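Protein chains: 2
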Amino acid sequence: METKEKKTKETLSQFITPQQLLEHWKGHRALTRRVIEAFPEDKLFSFSIGGMRPFSELAKELLGIGVPGAKGMATDQWEQLDENVDLGGSKEKLLQLWDQATEELNHWWAQIPVEHFQDTVIAFGQYEDKVYCSILYFIDNETHHRGQGYVYLRALGVEPPNFWER
Amino acid sequence: METKEKKTKETLSQFITPQQLLEHWKGHRALTRRVIEAFPEDKLFSFSIGGMRPFSELAKELLGIGVPGAKGMATDQWEQLDENVDLGGSKEKLLQLWDQATEELNHWWAQIPVEHFQDTVIAFGQYEDKVYCSILYFIDNETHHRGQGYVYLRALGVEPPNFWER
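Residue numbers (our numbering), protein chains in the order written: chain C, 132 to 297; chain S, 132 to 297.
Treat the hints as calculated values from the structure; they're not laboratory data.
Treat the hints loosely; a few may be bogus.
All copies of an identical chain are treated as equivalent in the list; a pair is satisfied when it fits inside any one copy or across any two copies.
With a straight-line Cα cutoff of 30 Å, these simulated DSSO-like cross-link-like pairs (lysine-lysine) come out [what the hints assert, rightly or not]: (1) Lys222 to Lys261; (2) Lys191 to Lys224; (3) Lys191 to Lys157; (4) Lys224 to Lys261; (5) Lys174 to Lys261; (6) Lys157 to Lys202; (7) Lys191 to Lys202; (8) Lys261 to Lys202; (9) Lys261 to Lys157; (10) Lys191 to Lys222; (11) Lys202 to Lys224; (12) Lys202 to Lys222; (13) Lys174 to Lys224.
Owing to the predicted nature of the structure, the values given are computational and were not obtained by experimental measurement.
The following block holds chain C by itself, in its conformation from the complex (with noise of 0.2 Å):
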């Protein structure tokens, strides 16, 4: 069961360093990314199924919550949740807003110490959990939202990207 990799003797008791985490976090998005291209682009602002919001409405959710949850977790500074960023119904903003978000994602991240995963944060001022707790919760609810993507895309015809390429 042993790799040929260094790893340190603190790595090696933990499941994931904060760093894998990041990581993990940025292949989600670099798919979540493949999932909004797929997109044709009045689709991605008006398709829908079961009157849920189009696909460019649970992007604008995700960022509203990833960057300004990794800021909020830096700084202990936060923000009431805005996600009405306007699009103008242009996939190539969508796009180049996310590109950004990964950007300060990385900057953010870095300034969160390690001991504070283990706190008890308000995130947004209204939603009380650990921290590591809250920000799996925004990996996974960006997974949850990019899974109703899948079905919208496969509704459309068009085949989305693998799931397990990250």
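Following the hints, position chain S against chain C.
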């Protein structure tokens, strides 16, 4: 940022402990169970969108991955991926197998040494990755497919369980 609960030095240096990860996974399993329950029995086995599998088939995949995956990580003995459990068209049978799997997950999880999470293994004899990556993949895959189940339920006019309740 300090909470009153007791945190050991070891816990403080980790994003998430193995025990916390198990609880996180089981929270997801409890939600997926509620999604299974929410389906009308006939729709569970027949309803689909865009040529996708009915939710019963997705649940069978999850049964084939979760416990066999945890068992493999604990024992280093892998059987081939097997998603073909016979449910006989019964939601009750699926729920029973789901609960049994949760019990077995407790059993096998306790036998995975903490040092093993950073090892590289070939899960199910075919998927090479670090143990922690594979385990997160198992959970993400459940979240992904469950998100699809939410769209099925909405399309059927059924209110899904709250995503944030675990």
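Tested hints:
In this assembly of identical chains, the alpha carbons of Lys222 and Lys261 never lie at most 30 Å apart, being 34 Å within a copy and 35 Å across copies at closest. In this assembly of identical chains, the alpha carbons of Lys191 and Lys224 lie at most 30 Å apart only when taken from the same copy (11 Å versus 39 Å across copies). In the homo-oligomer, the alpha carbons of Lys191 and Lys157 lie at most 30 Å apart both inside one protomer (17 Å) and across protomers (29 Å), since each shortest distance falls under that limit. For the homomeric pair Lys224 and Lys261, neither the shortest alpha-carbon distance inside one copy (33 Å) nor that between copies (35 Å) is at most 30 Å.
When the C-alpha separation of Lys174 and Lys261 is checked against a cutoff of 30 Å, the pair qualifies neither within a copy, at 37 Å, nor between copies, at 37 Å. For the identical chains of this complex, Lys157 and Lys202 are neighbours both inside a copy (16 Å) and across copies (28 Å), given an alpha-carbon limit of 30 Å. In this assembly of identical chains, Lys191 and Lys202 lie within 30 Å of each other by CA distance solely inside one copy; the values are 17 Å within and 39 Å between copies. In this assembly of identical chains, the alpha carbons of Lys261 and Lys202 lie at most 30 Å apart whether taken from the same copy (15 Å) or from different copies (29 Å).
When the C-alpha separation of Lys261 and Lys157 is checked against a cutoff of 30 Å, the pair qualifies both within a copy, at 21 Å, and between copies, at 17 Å. Proximity of Lys191 and Lys222 under a CA criterion of 30 Å is satisfied intra-copy only: 12 Å inside one chain copy versus 36 Å between copies. Proximity of Lys202 and Lys224 under a CA criterion of 30 Å is satisfied intra-copy only: 22 Å inside one chain copy versus 45 Å between copies. For the homomeric pair Lys202 and Lys222, the shortest alpha-carbon distance inside one copy (25 Å) is at most 30 Å, but the shortest distance between copies (43 Å) is not.
For a Cα distance limit of 30 Å, the shortest separation of Lys174 from Lys224 inside one copy, 15 Å, qualifies, whereas the shortest one across copies, 39 Å, does not.
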